[in-house]
Amino acid sequence: MVATDWICDLRDVVKSYATARAVDGVGFQVRRGEIFALLGPNGAGKSTLVRMMMGIIPPDAGTIHYRINIPNSNGDLMAWPTPDQLGYLPEDRGLYRDLNIARTLSYFGQLRGMARIDADRAAEEWLEKIGLANRRNEKLRALSKGNQQKVQFASAVLHRPAFAVLDEPFSGLDPINQELLIDWLRELRDQGTTILLSAHQMNLVEKLADRVFLMSRGREVLSGTLDQVRRRVQGALTLTLTHDDGEAIDWLEQVQGVVEVERRGNSTRLLLGHDTPLSGLLRLIGERLEVRAIKTEQLSLHDLYVQALQTTAPEEAEAALATIAASEGYDSDLED
Amino acid sequence: MSQDPRFDGKTVPTPPVRRRRSPPIWTVARWEFTRFFKLRDQLISLAVMLLMGALGFGFSMAMETDDDKAKLAVIKPDSVPFTLAQSQRVEIVDEDGDERTLLAKVESRDLDGLLVIRGVDDATLFVAKEPVWQPEVMAALAGIKVQTKLAEMEVDPLRLAAATTPPTVVVEMVERATLPKSAAEKLVAGGFLFLMFIAVMSGMGTFMLGITGEKESRVTEQVVAAISPQAWIDGKLLGLSGVALAGAGFYLLSALAGLGMFVALGGEVPLPEVVVSPWFALQVGLLALMGVLFWNCFAGMIAATIDDPQTSSRGGLMTIPMICLMVGFVAMARPDHWLIVLLSWFPPTAPATLTARLIVSDPAWWEFPLALLLLVGAVLLIRRIAGKIFALGILMHGKEPSIWEILRWARQA
Numbered sequence: 001m002v003a004t005d006w007i008c009d010l011r012d013v014v015k016s017y018a019t020a021r022a023v024d025g026v027g028f029q030v031r032r033g034e035i036f037a038l039l040g041p042n043g044a045g046k047s048t049l050v051r052m053m054m055g056i057i058p059p060d061a062g063t064i065h066y067r068i069n070i071p072n073s074n075g076d077l078m079a080w081p082t083p084d085q086l087g088y089l090p091e092d093r094g095l096y097r098d099l100n101i102a103r104t105l106s107y108f109g110q111l112r113g114m115a116r117i118d119a120d121r122a123a124e125e126w127l128e129k130i131g132l133a134n135r136r137n138e139k140l141r142a143l144s145k146g147n148q149q150k151v152q153f154a155s156a157v158l159h160r161p162a163f164a165v166l167d168e169p170f171s172g173l174d175p176i177n178q179e180l181l182i183d184w185l186r187e188l189r190d191q192g193t194t195i196l197l198s199a200h201q202m203n204l205v206e207k208l209a210d211r212v213f214l215m216s217r218g219r220e221v222l223s224g225t226l227d228q229v230r231r232r233v234q235g236a237l238t239l240t241l242t243h244d245d246g247e248a249i250d251w252l253e254q255v256q257g258v259v260e261v262e263r264r265g266n267s268t269r270l271l272l273g274h275d276t277p278l279s280g281l282l283r284l285i286g287e288r289l290e291v292r293a294i295k296t297e298q299l300s301l302h303d304l305y306v307q308a309l310q311t312t313a314p315e316e317a318e319a320a321l322a323t324i325a326a327s328e329g330y331d332s333d334l335e336d
Numbered sequence: 001m002s003q004d005p006r007f008d009g010k011t012v013p014t015p016p017v018r019r020r021r022s023p024p025i026w027t028v029a030r031w032e033f034t035r036f037f038k039l040r041d042q043l044i045s046l047a048v049m050l051l052m053g054a055l056g057f058g059f060s061m062a063m064e065t066d067d068d069k070a071k072l073a074v075i076k077p078d079s080v081p082f083t084l085a086q087s088q089r090v091e092i093v094d095e096d097g098d099e100r101t102l103l104a105k106v107e108s109r110d111l112d113g114l115l116v117i118r119g120v121d122d123a124t125l126f127v128a129k130e131p132v133w134q135p136e137v138m139a140a141l142a143g144i145k146v147q148t149k150l151a152e153m154e155v156d157p158l159r160l161a162a163a164t165t166p167p168t169v170v171v172e173m174v175e176r177a178t179l180p181k182s183a184a185e186k187l188v189a190g191g192f193l194f195l196m197f198i199a200v201m202s203g204m205g206t207f208m209l210g211i212t213g214e215k216e217s218r219v220t221e222q223v224v225a226a227i228s229p230q231a232w233i234d235g236k237l238l239g240l241s242g243v244a245l246a247g248a249g250f251y252l253l254s255a256l257a258g259l260g261m262f263v264a265l266g267g268e269v270p271l272p273e274v275v276v277s278p279w280f281a282l283q284v285g286l287l288a289l290m291g292v293l294f295w296n297c298f299a300g301m302i303a304a305t306i307d308d309p310q311t312s313s314r315g316g317l318m319t320i321p322m323i324c325l326m327v328g329f330v331a332m333a334r335p336d337h338w339l340i341v342l343l344s345w346f347p348p349t350a351p352a353t354l355t356a357r358l359i360v361s362d363p364a365w366w367e368f369p370l371a372l373l374l375l376v377g378a379v380l381l382i383r384r385i386a387g388k389i390f391a392l393g394i395l396m397h398g399k400e401p402s403i404w405e406i407l408r409w410a411r412q413a
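Protein chains in written order, with my numbering: chain A, 1 to 336; chain B, 1 to 413.
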């Protein structure tokens, strides 16, 4: 893939509402054929950004360019995409609840430029795929919330767009269906659809995304591949030690390469920097502590986000983390 | 990152097969039409109307049978000639017996009445209860008295009739418009206005229902991301206007079927000449179409700004088209008043008012093209304004735009 082969390019995009600046000078490129994740807590500005990318609301400043088709002889082709080239799953979503599921799916395919016969066929294929083929003639309202969500997802991508933008696609799905959705997204990507997904379930995105763009309060916090992001934050690895309750561990904060020490009863979690010599550290710990168990882990995307936020915008970190916790709690309720 | 083998970094995959696509306006129009127009329901309604018509006809025929005529016995001197004009409600029967015997039959309901005539100024009618046919008997008695008195005064009834008959005056009007309108013409005009009223109001109702429902079910953003709001409202306009006109067409069809059944069974329908002309049908059809389009644009504009139909007071604006359509009924009484003439050119009132004038009056030849031209222009203008307001209002949730915001959006159009 050519390094500059982007499908969508945003530069210095700004959007303000009456009382707040929702997006504040954001820019990134989505590369052709990748899954690009836009991450952040509720209120980070993701949905506003996505709406601007879909042409639903205009930006106050900055540019959004697309290069869906092959560039012409002049090398520049930045026309706004045609409906069939884009797929969109809005955060604020719903379908015709009193109408036949198969017909509704076909309608959205036709709105996206498919011929009726193709849309009918694609609707049938997707109903098979999402396990609702035997309920094709039922009304949407007869389905569970999770199944409605799957139909909604199908309506956004059944025309096989070149670029699909999915805002919070995991919301409302139980863990099994979240895994299924991950499979479908990979399948779509492998069939050539570039995907931008906006989400706050970082554990799911971590399994899927080729690159991530972390946002908070309308601004970029961190972006790149997961490896790049890991390299950019202070810590990269955690070391969890299980020891006796009475052990003194204050000295660990002074050890070179230890970024952070967090004690919970007889367990201590160390956040280690990138260049920390692990063998030397383990030897030191072995000499001074009676350790019962040791566990090392790479930082999760959630941890990376927290680290990045605490480093780049500590004043915002607390509020952002509270929002994440609140929204994750909400989703858990839904899944129950 | 995995990548599709067809991907060379420059091309994008194309969906498997692409056939001829409908423009989005037609896709939306077809969707909206099939969403709201239920042929089966219309056919059931048509069948019910025909059944009701047949039952009504049968009922009225049954009411007219001789079996139901009241039986009246008459006791009179031979010198008094008493007869009843042919009546649907009462007949004179020959019954033997004296007054007491016949009165007993009235009491036992074997007879409906007994009329005892003692002289032209003295008669008694015995009945069980006040009869509906009493006026006919009274009229016959009055006739006998007049004839008897004229004979006593030796006045020739024919000469008297000649003297009292009003003169024959032929009224020749130079303008057809001033001709008095028959009840049939007014009935037909009222019928057409009723159909137009049904079409406009049902079209607007469906439009409101569709748009507020889509806003409530949050379907709007996905549609607006796929097609332009103008294409969406245009498609809705075509589809839902089609629903309204098809619904009114079914009403017309029902009425025609009822009339056809009535004529087939021997009835007569005096339709005004103007109504059966193809030119008239074309004129009224175009006016109805434009009226429905105009008011549906209005409905779309209002509906897009309503956040919650349960609590919004904006639905009250729907009285505006009702008032404009009611002008048509006023026009039936005063079709050539200068104000009515002006209103028959004014786009919001033209469809109903000009339709009424076309039936009960005779507008100048240029009035229809002028009104139609103004109406088409108004529809194009309001379509554009509605599109702008729709585009901004349809995505608003949680609050309704103020009237000033709506006016600002309209100016931007």
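The hints are simulated quantities; they were obtained by calculation from the structure and are not laboratory data. Hints are supplied without guarantee of correctness; some may be wrong.
Simulated crosslink set (DSBU-like; lysine-lysine; CA at most 35 Å straight-line) [what the hints assert, rightly or not]: (1) Lys38/B with Lys139/A; (2) Lys139/A with Lys399/B; (3) Lys129/B with Lys71/B; (4) Lys129/A with Lys129/B; (5) Lys145/A with Lys399/B; (6) Lys207/A with Lys139/A; (7) Lys129/A with Lys207/A; (8) Lys145/B with Lys71/B; (9) Lys38/B with Lys145/A; (10) Lys145/A with Lys129/A; (11) Lys129/B with Lys69/B; (12) Lys76/B with Lys186/B.
Over the 10 Å line for every Cβ pair with chain B, so calculated as not near, a few chain A residues [to be verified]: (13) Ser144; (14) Thr276; (15) Ser300.
Quick reminder that beta carbons are idealized off the backbone N, C-alpha and C, glycines included.
Now for the hints, and whether the structure bears them out:
1. Lys38/B with Lys139/A: Cα-Cα ~16 Å, so holds.
2. Lys139/A with Lys399/B: Given that 35 Å is the threshold and the Cα spacing comes to 29 Å, the pair holds.
3. Lys129/B with Lys71/B: Given that 35 Å is the threshold and the Cα spacing comes to 14 Å, the pair holds.
4. Lys129/A with Lys129/B: The hint is violated at about 80 Å.
5. Lys145/A with Lys399/B: Answer holds: Lys145/A to Lys399/B is near 26 Å, not above 35 Å.
6. Lys207/A with Lys139/A: holds (34 Å)
7. Lys129/A with Lys207/A: Holds, because 21 Å separates the two Cα atoms, which is no more than 35 Å.
8. Lys145/B with Lys71/B: Holds: Lys145/B and Lys71/B sit about 23 Å apart, inside 35 Å.
9. Lys38/B with Lys145/A: Holds: Lys38/B and Lys145/A sit about 29 Å apart, inside 35 Å.
10. Lys145/A with Lys129/A: With a Cα-Cα distance of about 17 Å, the restraint between Lys145/A and Lys129/A holds, given a limit of 35 Å.
11. Lys129/B with Lys69/B: holds (15 Å)
12. Lys76/B with Lys186/B: violated (48 Å)
13. Ser144: holds (17 Å)
14. Thr276: Holds: least Cβ distance 30 Å, greater than 10 Å.
15. Ser300: The claim stands: Ser300/A keeps its Cβ more than 10 Å from every Cβ of chain B (closest is about 21 Å).
Of the numbered hints listed earlier, those contradicted by the structure are 4, 12.
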